[in-house]
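Student: Go ahead and model the full structure; you've got the sequences and the hints to work with.
There are 2 protein chains.
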Amino acid sequence: MNNAFTNEEYTVMINAALNQAVPLCGDERDAVTKAMRYSLANGGKRVRPVLLLEFNRVCGGNVTNALPLACAIEMIHTYSLIHDDLPCMDDDDFRRGKPSCHKQFGEATALLAGDGLLTLAFSVAAKAPLPPENLLPCLAVLADTAGYRGMIGGQTMDLQHEDKAVDAELLRATDRLKTGQLICAACRIGCLAAGAAEEQVAAADAYAESIGLAFQIVDDLLDITGTAEELGKPIGSDAEKNKSTYPALLGLDESRRLVQELTQQAINALSCFDENSFLIGFAEKLANRTN
Amino acid sequence: MNNAFTNEEYTVMINAALNQAVPLCGDERDAVTKAMRYSLANGGKRVRPVLLLEFNRVCGGNVTNALPLACAIEMIHTYSLIHDDLPCMDDDDFRRGKPSCHKQFGEATALLAGDGLLTLAFSVAAKAPLPPENLLPCLAVLADTAGYRGMIGGQTMDLQHEDKAVDAELLRATDRLKTGQLICAACRIGCLAAGAAEEQVAAADAYAESIGLAFQIVDDLLDITGTAEELGKPIGSDAEKNKSTYPALLGLDESRRLVQELTQQAINALSCFDENSFLIGFAEKLANRTN
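The listed protein sequences derive, respectively, from chains H and Z.
Letter by letter, the first sequence follows residues 1 to 291 of our numbering.
Letter by letter, the second sequence follows residues 1 to 291 of our numbering.
Worth double-checking, as some hints may not be accurate.
Identical copies carry no separate label here, and so any pair may be met within one copy or between two of them.
Only pairs whose alpha carbons sit at most 27 angstroms apart, straight line, appear in this in silico BS3-like list of lysine-lysine [claimed, not checked]:
#1 Lys243 with Lys34
#2 Lys34 with Lys164
#3 Lys285 with Lys164
#4 Lys34 with Lys127
#5 Lys243 with Lys45
#6 Lys243 with Lys98
#7 Lys34 with Lys98
#8 Lys45 with Lys98
#9 Lys164 with Lys241
Since the hints were made in silico from the structure, they are not lab data.
In this text the structure is predicted, and so the values were computed from the model without any measurement.
Tutor: Listed below in structure tokens is the structure:
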């Protein structure tokens, strides 16, 4: 088994790689390059690339070779946030305590920066130093989970639900696509890049499914019980926008219980991996996070 | 050498493949699926996929195996038009005589439809039945030419030039990226998918470079000398928007002469291909088109 890394070590590697992945052009194009770099550097927890790298490691993969794929999935996540924040979508002025991309650079540049990051994700991924027969399925998973049947499908469903009552089942179906699919992609691509066995890929899917939903419920809980300082954005925005949320549909206590249950399910799915302590701790940390 | 096809035969194949490539989901996601299908079906001349398939054929490739790549490049072209038409970009209400995507489906759905087509392009391309060692370079070219150093870079430069005088050199540099890169990708990917020799790839690049610029100059000319009926959009829109164009910078006669010169250069580049009559005719047809 390859060397273990801490979350901090992974994050440092990912941030360094992302910083190198979008070089300036030195000409007028850099209006968009700077916007891409701004949003990419305004980093969150790097949940998806960390999961990708760790699943890759526990399946016997090499972190350096998988790093381009980790960058690619973070680029796709970042592009989706830029486009989600645009006035015609959620119209959010802030992202992680800083002006959102279109507030900083204007709408047209933010639109193109999102397009640029989505496109660059596939450029970076297609050049990962991995066996072509391992790499091509990773690219297909990346495109399928991020696409109109996956993440974009979830965003589309979300649009239909504006100012409309949604039950827990439909909310879950939406979140499974909108946030769940890319988390699933991260875990699955980590395995596929290492040429993992089918059983391992299935276990990664099960883990991802559970932490993906738990992640979303915690997001909803923090919008009620968190603080603006910790979150880097105003709290109460879901209620203000009349958004259906798990706490609103299930209550605070039941939502918290569900997070614990899902986290336990995620941990149970890891039994086929010899080294699973990082992934166990990661699931627990996501469940108990305050931002 | 594989069977020759006519432009009409290629177009029929491409349209049929595109129609199958975006199946409905049968649920709320189809708000975006329908928008994607609408824009993809509102077909233009299919210049890029036809070029891809014919370069593939003259390099010894099989048309069926290359068809997913042809679809992918048309999807990228279509997404770029959807996003270009948005209010924050060119704010165009019509595209090829029909309401543009956001006029028909609303801004948010059009944004997501563009994102969906860009993402689907890579999904479809990654599954092309080609040897992985031929396919991966095709994917890299697709992402690089469409990205922030390529097509998106050109769109970004275009944004900087709004209401600003631009000389012929800068206009050419912009168009080389904005429209030239994807035409170049089409020709180059056609060759790479067939495992073509370097000399053939270089010849395809030279051909693409010349017809790409000629194509843009003809576009500018038609905006002055064409008719709204033939073009499916109002004429005179460049002048109205104070856009720098080749005819404005070089004059009508010099622009027309340049189109002929570039077309001859493109034809000259084809000497290394045994069967080049289709590509010669294609370059001439693009130069003499009326829409």
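Student: Against this structure, judge whether each hint is valid.
Tutor: Outcome of the hint check:
{"no.": "1", "hint": "Lys243 with Lys34", "verdict": "between (33 angstroms within a copy, 25 angstroms between copies)"}
{"no.": "2", "hint": "Lys34 with Lys164", "verdict": "between (38 angstroms within a copy, 22 angstroms between copies)"}
{"no.": "3", "hint": "Lys285 with Lys164", "verdict": "neither (33 angstroms within a copy, 53 angstroms between copies)"}
{"no.": "4", "hint": "Lys34 with Lys127", "verdict": "within (23 angstroms within a copy, 33 angstroms between copies)"}
{"no.": "5", "hint": "Lys243 with Lys45", "verdict": "within (24 angstroms within a copy, 44 angstroms between copies)"}
{"no.": "6", "hint": "Lys243 with Lys98", "verdict": "within (23 angstroms within a copy, 35 angstroms between copies)"}
{"no.": "7", "hint": "Lys34 with Lys98", "verdict": "within (15 angstroms within a copy, 35 angstroms between copies)"}
{"no.": "8", "hint": "Lys45 with Lys98", "verdict": "within (15 angstroms within a copy, 44 angstroms between copies)"}
{"no.": "9", "hint": "Lys164 with Lys241", "verdict": "within (11 angstroms within a copy, 41 angstroms between copies)"}
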